[in-house]
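Start from chain A and add chain B according to the hints.
Chains as they are written, first to last, in our numbering: chain A, 107 to 232; chain B, -14 to 214.
Just so you know, these hints were derived from the structure itself, not from any lab.
One or more of the hints may lead you astray.
To be verified - Interface residues of chain A toward chain B, partial, derived using beta-carbon atoms under 8 Å:
# : residue
1 : Ser113
2 : Ser114
3 : Pro116
4 : Ile117
5 : Leu140
6 : Arg144
7 : Gln217
C-beta: ideal position from N, C-alpha, C; glycine also.
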Amino acid sequence: MADIFQSSQPIYQQLAERLKRQIIRGELSPGDKLPSVRETGIDVSVNPNTVQRTYRELESMQIVETRRGQGTFVTEDELILDSIREEMKAKVITDFVRGMQEMGYSDEEIQSGLTNYLKEKGEENI
Amino acid sequence: MISLKDVTKRYGSKRALDQVNLELTSGKLIGLVGENGSGKSTTLKLIAGLNHPTNGEIKVSGNKVDRRIAQSVSYLSELDEYYRFFNVRQSIAFYASQFKDFDQEKAYEILKFMKLNPNDKLKHLSKGNRGRLKIVLSLSRNVPVILMDEPFSGLDPMVRNSIVKGLISFIDLEKQLVLITTHEIREVENILDEVIAIKDGSIIGHHNVEQLREEKHTSIVDWMTDIYE
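For reference, chain A alone in the conformation it holds in the complex (with noise of 0.2 Å):
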């Protein structure tokens, strides 16, 4: 269970990750209500203190927000969802452009490259 997060990084930072990925994936729909600290907490193993952190992390992003008493919601705002989806498009693909660069491969090998994967991936799943 501890090898979902890297233990050289912040623990607050990739939960906040991981629950991005759960939103953008549908698991998380817009309103639905997050687990309380403590559940999150014993779900993943981690210091219910750091669940705190990435629930106020996320809330200062307003991808989620807390009504009082009530418990931490994903916000239904679909900007703010779009923008999720954006940013961790960007965050991957710079990854992979980057790996790839750092191999040698020029751009038009990467674009070549990515558009016969695709093609091939989409031939399959006929």
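Same frame as chain A, but now just chain B:
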């Protein structure tokens, strides 16, 4: 919450702790790590009032520590000591008779979480289940300070995991401070707020673990390896 000021402890000519200064605040899970014989257990025993410092002063919640500190400190020994003829239920009743802050309702809640049977005799419990029972007994007290000496020692991964989850589930971080000594750093690295490294009786590092990761991009294990050399 807990403060040690210039605390030295000698056993004969051996210096177990050498002018240790520590300030620990409530609402945190704190790990005390270091190799065998570095002074971890001594530190816990001194805070629990089971041993007296040769020099220096220890306070818990502003009160100077003596034997009566057991009223506000729950101490879990690393020893596997228990009354073999008791069953689980009797052990809980015994603890409840010894500590007026012992919360029996909570004890049975943790017992259920740990999947222990109240009717099992202690002498028939596996080592893992004795480890679990120790956690039940030490977390069931409504005290501001919980000290745990090597709670994972010699236990298999399943048991260690249930103890980690038990800690997260049943500690009240609004009101309690938990100080835990362990060799199994990987087991606790995601649940600690702070880590203190001790070597040859001296504190050689004390950090907020998230800060350690954020500012130094290092894990507790790597940090330990680094400063221990």
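> Hint by hint, which ones does the structure fall short of?
Replying inline: 5 and 7
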